[in-house]
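Place chain B on chain A using the hints.
So the protein sequences, as listed, match chains A and B. Under this note's numbering, think of the first position of the first sequence as 79, with each following residue one higher. Under this note's numbering, think of the first position of the second sequence as 79, with each following residue one higher.
Hint data in this document are derived by calculation from the structure and do not stem from the laboratory. Watch out, some of these pointers could steer you wrong.
No distinction is drawn between identical chains; accordingly, a pair holds when it is met within one copy or between any pair of copies.
What the hints assert, rightly or not - DSSO-like cross-link-like pairs, simulated, lysine-lysine; straight-line CA separation at most 27 Å:
hint, residue 1, residue 2
1, Lys373, Lys167
2, Lys361, Lys440
3, Lys373, Lys209
4, Lys389, Lys103
5, Lys202, Lys373
6, Lys167, Lys389
7, Lys239, Lys281
8, Lys131, Lys167
2 protein chains.
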Amino acid sequence: MSALSFSIIKKSKESNGRVGIIRTKHGDIETPVFMPVGTRAAVKAMSPEELEKIGAKIILSNTYHLYLRPGHELIRDAGGLHGFMSWPKPILTDSGGFQVFSLGELRKIMEEGVEFRSHIDGSKHLFTPEKVMDIEQALGPDIAMTFDECVPYPEKYTYAKEAMERTTRWAERCLNAHTREDQALFAIVQGSVYSDLRANSAKDLVSMDFPGYALGGLSVGEPKEIMNEILDFTVPFLPENKPRYLMGVGSPDYLIEGVFRGIDMFDCVLPTRVARNGLVFTKNGKLVIRNAQYKNDFGPLDQDCECYACKNFSRAYIRHLFNAGEILGLRLATIHNLFFLINIMNNIRAAILGDYLLEFRKEFYSNYYSNKI
Amino acid sequence: MSALSFSIIKKSKESNGRVGIIRTKHGDIETPVFMPVGTRAAVKAMSPEELEKIGAKIILSNTYHLYLRPGHELIRDAGGLHGFMSWPKPILTDSGGFQVFSLGELRKIMEEGVEFRSHIDGSKHLFTPEKVMDIEQALGPDIAMTFDECVPYPEKYTYAKEAMERTTRWAERCLNAHTREDQALFAIVQGSVYSDLRANSAKDLVSMDFPGYALGGLSVGEPKEIMNEILDFTVPFLPENKPRYLMGVGSPDYLIEGVFRGIDMFDCVLPTRVARNGLVFTKNGKLVIRNAQYKNDFGPLDQDCECYACKNFSRAYIRHLFNAGEILGLRLATIHNLFFLINIMNNIRAAILGDYLLEFRKEFYSNYYSNKI
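So here's chain A without its partners, still in its complex pose (with noise of 0.2 Å):
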């Protein structure tokens, strides 16, 4: 068996939409979902207990992060990130592409990789297609990703055509240098905001024949619109029969536009980031904790929800736990908002399986932007 299977349970017949499953030898994924970020070998503030009671079934940690610390030889002694953090469901790396494009001035992009200094302590360091396999494969993902190049947006046609045949040639070079049999490699689509780029990224990457496929380099900054447009786009040129990946999208209504594109996958920091803030996603939208009306409100986050912060606890304890910087506040509200938008997923392949998702976006929104809270 190879690292990974994907089958298609049932198409969408209301959007290019689909249900599906992935199997991994930690487990099966039902598709679409939704990937809690654990950057740095943890899901900021949550347990591995906690989050298989809220139905994540796989999680994503972080290349860049982990060499730098604690190192991924001492994961790879560890027993992989697995048994490093007792997590035993299915695992994504991220190749650390966007980080250390991320560096700005820190880094220094060459055709052999990218050189750069750590944010922890300034020391310099070299990232090849190469030594990210060697990473990836050290830190032992049921799947990697291949090392690219993310340019920011609004970027230049040039240099964002520059960027992206780049990223292909490294993807190649992540091929011929990935060789652990149980783990699947993702390539990633590159081409910033032009149709062309797009098209001949995929059609180059597809022609390698990658186990799955990852949109990189939106929800960068442009606005949705042009996000959707390049999902409408590019998405055809992949390959039905596997997993399509829309990196670092997680806020509700993006999770929703991405699915009816043809989405699988998604990731992002926001929930739990924004969690830690005090602010938390519910049916009838966003809401800021520490407002003053919610002092005396002794009902849960969300109404109906059925996450251990809204069965147990109200919005006026919440309240007083992040007014008194009390760890529980922020540990219920991450809970919360990843549940939330773990079910959002669940609830969509329902609607795909029922024929409803039409009608349940609907709804979604209008709820959603009812402010009703």
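Same frame as chain A, now just chain B:
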């Protein structure tokens, strides 16, 4: 039925210790017991679910902090502390005495009560015995404490006597003001390190027939030997058939010595506070998890420990979490330290029941001071 009943199951043949059971409407508490502290209606970094899992049978919360934020009326409206924080088991509230006296320059002591300024916003407040009873009755714990004056160590005899006598008068005022029949009110013995003052305090309070007695003003900086002497001297003045509570004590050796001297209940912020700084208790002594020697240590914090942290994670991983500033690190250290103390109390009860308390103490100390971490 009164708010609380206490039965002794077995007296130690080797010490003044005893195994007992406190029954309340929120559940039974086997004694001797360690009570985790949830100052602001949350045990720091813990969820109620986790507290139940580690075997906590009663927790403590604090009148001073809750009065200031979020306010006792709000908590009363939320159904009392049990409902507000979603903790279904017994709760004890401190009276705020220790906290207001710790404010130093910010408070003024009068016969009527204590005038103080809030550490949060500088606003002026007056705590009288009657006011504190109002607050504790609104908070609704199973066990409330009388409002006392806690003097620091060292304190001159003259002032210690004055403060002790005032504490006795305030205890009587508390008793008169306290009307909730589903709540037990415990009195606090004061008198600093002076045996005649401790004796008089105990005798006067015992004559008022409270359902339980605490020893206050200990573990405030005095040497361990002095604390043990005061316990030796004072405990015999307390009735045998009522629970005895040593306030603010929570290091493993103090717990054992307290039990030997007839103490049934303990509380302390120590295990949770040091945990957040990366210090954990093990049967072989204290361990500072950030130390470089644990970098590649894939064993648990404490060999044979059955807590969630020890059963699932390595020292190397928890060290990484602390170095990376991940909240999960301090959560795991907190779970472990609380479990460690609760487990000591379980072992102590078994040792009293099995008549091997001396042997237990000897073995515990021999491991704890072995430094074989």
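Hint-by-hint comparison with the structure:
1. Lys373 with Lys167: Cα proximity of Lys373 and Lys167: across copies only (25 Å, versus 39 Å in one copy).
2. Lys361 with Lys440: Within one copy, since 13 Å is at most 27 Å while 59 Å is not.
3. Lys373 with Lys209: between (53 Å within a copy, 23 Å between copies)
4. Lys389 with Lys103: Classified as between; 23 Å across copies, 33 Å inside a copy.
5. Lys202 with Lys373: Cα proximity of Lys202 and Lys373: across copies only (22 Å, versus 50 Å in one copy).
6. Lys167 with Lys389: Both, since 26 Å and 17 Å are each at most 27 Å.
7. Lys239 with Lys281: Within one copy only: 14 Å inside a chain, 88 Å across chains, cut-off 27 Å.
8. Lys131 with Lys167: both (12 Å within a copy, 23 Å between copies)
In this structure, none of the earlier numbered hints is contradicted; all agree with it.
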